[in-house]
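> Spelled out, the chains give:
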Amino acid sequence: MADHNDPNSVNSIFSDIDPSPADLYDMFGYPGPHDKNETVVLASTFAAVPAAGKLDPDLLYRMLVHARPRSSGWPHEIDLGGLERYVAAVKDHFASIVNPGDIRAWVDDHDTAHLTLTGFPGGNISTSFPTNTVFMISAPGGQEIKAFVGGRDDAFFNDLPGFFRSINYAPQYYHVPHDSPAELREVPIPKTLLELDGNKYFNYDPAQPNWGHGEKRDLPAEPMVWHGDKFAKDENGNYRLVYSGKDAQAGRNVNAVVLEIPLPYFTDDPAGDWVVNVWAESWVRKATGKVPLIPDDPAWIEHPFRLLSEAHRDSQLRDYKRVDTTAQPFADAALNEREDDRQVGGPNFMLAAHFVKRLAHLGWGFGPSVTALGLPCSFDHDNSPVSVHKVHRSVITAFPRVQKLIFQELRMPDDSWNPKGLDIPLRRPAEIFIPNLCSIDMDTTGTWPFGRRPEDQVATRFLSMFLDMAGQVGGAPIHIETLNDQALWESAPVVPKTPPNPLYNDAKFLEEFPYLAEPW
Amino acid sequence: MVTTSAARDGCATRLDRVDRVLADIRSGASGLTPQQTSVRLAVLLSERANLSGSDADAYAAQDVAAAALADGCRHGDLVLTAARVYAENHDLVRATAVLDQCRDDESIGQRLIRAGILRQRGQLAAAAVEYARLIHVAPTWQHLAGLAGVYQDLTDVETADALFARAADDIDALQMGAFAWVEVQRAQLRLGRGELGRAHQHIARAEIGFGGWRACEQRARWLVKSGSRTEAVEAYRRLAEMTGRPDHTHALADALIRAGRPDEAEVHHEAAGHGYRMARSPARYRHHFAEFCLDVTRDLDEALVLAAEDYAERPNRHAGQLLAAVLTARGEAGEARLLRDRLGCEGVTANARLRRARILDCLPRT
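Note that the protein sequences, when read in sequence, are chains A and B.
Heads up: the first sequence begins at 1 in the numbering used here, then just goes up one per residue.
Heads up: the second sequence begins at 521 in the numbering used here, then just goes up one per residue.
Extracted from the complex, chain A is given alone in its bound form (with noise of 0.2 Å):
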């Protein structure tokens, strides 16, 4: 899950939340695939509510979009200095974007989808056209642009039991209500790739083996706890791997954003501007905006300090409130914990700290899971023979731990992504993570984490973030892919013996704009 099922206030995987429309799932951006033309595919997809095609009239998405040039690498220490720094700096870059390009569509009771791009060099559009057909737009430069707001195939292919049996998220295996503690969410069992011996509580369950895959359970009485010290092996001494390898998603829908932009269209200077930002938003309409009002209701007197905020300066976001943000696959899933408080799009720098906690956290489950699979591991657990389930309270202690995680250079498995063979630096999870941004390179193929292409298996990528990427397996160099190759896993000690997500959608992907499949 890029992005499904948060925040928490929309997330329907509670068993008092409906789905929501405001429920974003993912963000995909890449070069476009016409040499010809150089052009950026964005792509948001959300929650198909009211139906797949049938887009909510109270919704209102929307995309952040800025060029900006390439740049050389990292350009602090490799230490918490070094950090802070580039956080400081990221936090200098956002402050200077004064108006970053913005993308709104959203649709009217009679299925028109009314579009808007503004603050763009191109010029600003504002047009309307029916849902669920391809539309060509001319803007004012002269670019032309395509656009699609409908229903699609959901574009996420992942075994998201399999994910959140690796954190023990109780909501997706038991009824757990919204309102519920945080304990009650990521149960204190030690997260983990591998089955701990005795985890009565997340292990697979032959006897029911659709628990979690839309079958749930009434809450246990006692707490979840778990006391063992070892992983399990079945009798031929294999672990189990949490991931099953299916994908979760298919046959699902998802209603969707999909635009193809000619470069110059985003920036004045498209020789110079080569990396295109962009994250996504939802935003519901408020109960406010859908009556008459009252001029002088005294929370507009009484509360001038709104005028500052953005939503209350803008004429149409006035009527509308921030649900979900979404732009890097995992950045509110695993990252941020899908707190509500937490939905800030891009400018993220504020979550640092809380980053490299969670690293650390994640770590110490993950890391001795891949340590017991034989693979070289980015986060320093101490060598422990088992998950731990450890919360660090600050940064001084995680970071150390974190250290070569979130620095490491994410080795890419081939050339492929750089097809020009340019000099472009690898990107480290700590530039990739913050700010929250799909930053897409067009120098490369988008690929992740060069932007997000429709076909990359972003939830194994992430988990790559584990292995030490200087390390070997097998005799070959470790990188993004490793954990998607089948030999590793025939080779390892563990069942059942396959990648832990899937490796491919199951519906293709279309050679034409708007690239996404049908829906079902």
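To be clear, the hints were calculated from the coordinates, so they are not data collected in a lab.
What you are looking at is a predicted structure, and each value in this text was computed from that prediction instead of being measured.
Careful, some of the hints might be misleading.
[Unchecked claim] Okay, derived cross-link-like pairs now, EDC-like style, lysine to aspartate or glutamate, Cα gap no bigger than 20 Å in a straight line:
1) Lys290(A) / Glu727(B)
2) Lys357(A) / Asp380(A)
3) Lys230(A) / Asp380(A)
4) Lys54(A) / Asp109(A)
5) Lys290(A) / Asp529(B)
6) Lys146(A) / Glu518(A)
[Claimed, not checked] Covered, in the sense of this in silico footprint (three residues per stretch, anywhere, with C-beta under 8 Å from a C-beta of chain A), are these stretches of chain B:
7) 552-559
8) 725-733
9) 861-869
Note that beta-carbon positions come from the ideal geometry of N, C-alpha and C, so glycine has one too.
Chain B: place on chain A using the hints.
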């Protein structure tokens, strides 16, 4: 079960959806465990009661929840639903007992219900402090409206209205029922001060936004205040048909009397009295029944028993004023004065405590 009017307003549409989900669950097609079925039924029936205003729905929710609790289920949704239904029925003893059974007494939902119980018990300063704490955790419309309700009880209309306005601003288009509820509260505030124009605007927003029985009830009150007696009768008639509740039948009869139609009123007063006596939960209509005995049957002994019981359970300003009115009607003016003085002192004390605590100054900016 009673349904709302045939008009397809937001309330009716939501009611249709709840009924569809209820039918799915009852058919067994939803694949829920028996325990989860009980939880979902209780939650949905409670929502249905909220939408329909019907006693039958409220008791159905209460029965399902009570049975599941008796079977040992302590699911968070169930506990909250049961406690909320009991609290709305003014059965504060049972509401508190249900909350006390739950292992998680720190959840936001539980704290919100406990704050509401404090408010019903007249402990306004304590309720305000708890609502303010909840607002600091999350400035949601429920928490803001809860604090607004405290100021409403303290008759601080402007503060209450400002807080309700902030609450309304937090509500989105997927929660129009909540929005209509807040608008009805704001209309009631304005109506209490005789600001008919302002009250009308809020009622109209509730009607346009969602409709339902609460908006209808507030419209009827507004029509009474504005002197439109015939229209008020029709509004109350619609309301009584929507919900079938004895307090609404009582209000219809009173409206008929105000309209100079006492002969027509009699049958509705009889029906209301019967409804009060037959109510399954005595606490639910105790204060209405006390008013009925005071104003309609003039059975002051029964009125005293009912008003005293109500005040014992919920020693708040409204219950106290009703008891004082009964005492006055019985010629016990000294007792009534003492009680009114105490209510006044308590209000002043609560106000002073809230000012000292600087509750409003410390609220997070939303």
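> Three residues or more, CB to CB closer than 8 Å: is that satisfied between the region 861-869 of chain B and chain A?
violated (count 0)
> Would you mind confirming whether the straight-line C-alpha gap from Lys290(A) to Glu727(B) stays at or under 20 Å?
holds (12 Å)
> Given the hinted pair Lys290(A) and Asp529(B), is their alpha-carbon gap at most 20 Å?
holds (14 Å)
> For Lys357(A) and Asp380(A), compute the direct alpha-carbon distance and say whether it is at most 20 Å.
holds (13 Å)
> Compare the distance between the alpha carbons of Lys146(A) and Glu518(A) with 20 Å, and conclude whether the hinted pair is satisfied.
Within the cut-off at roughly 17 Å; holds.
> Next pair to validate is Lys54(A) with Asp109(A); report whether the Cα-Cα distance is within 20 Å.
Holds, at roughly 10 Å.
> For the pair supplied as a hint, Lys230(A) and Asp380(A), confirm whether the alpha-carbon distance does not exceed 20 Å.
holds (18 Å)
> Checking C-beta pairs, does the region 725-733 of chain B have three or more residues closer than 8 Å to chain A?
holds (count 3)
> When I compare C-beta atoms, does the region 552-559 of chain B have three or more residues closer than 8 Å to chain A?
holds (count 4)
Hint check: a violation occurs at hint 9 only; the rest are consistent with the structure.
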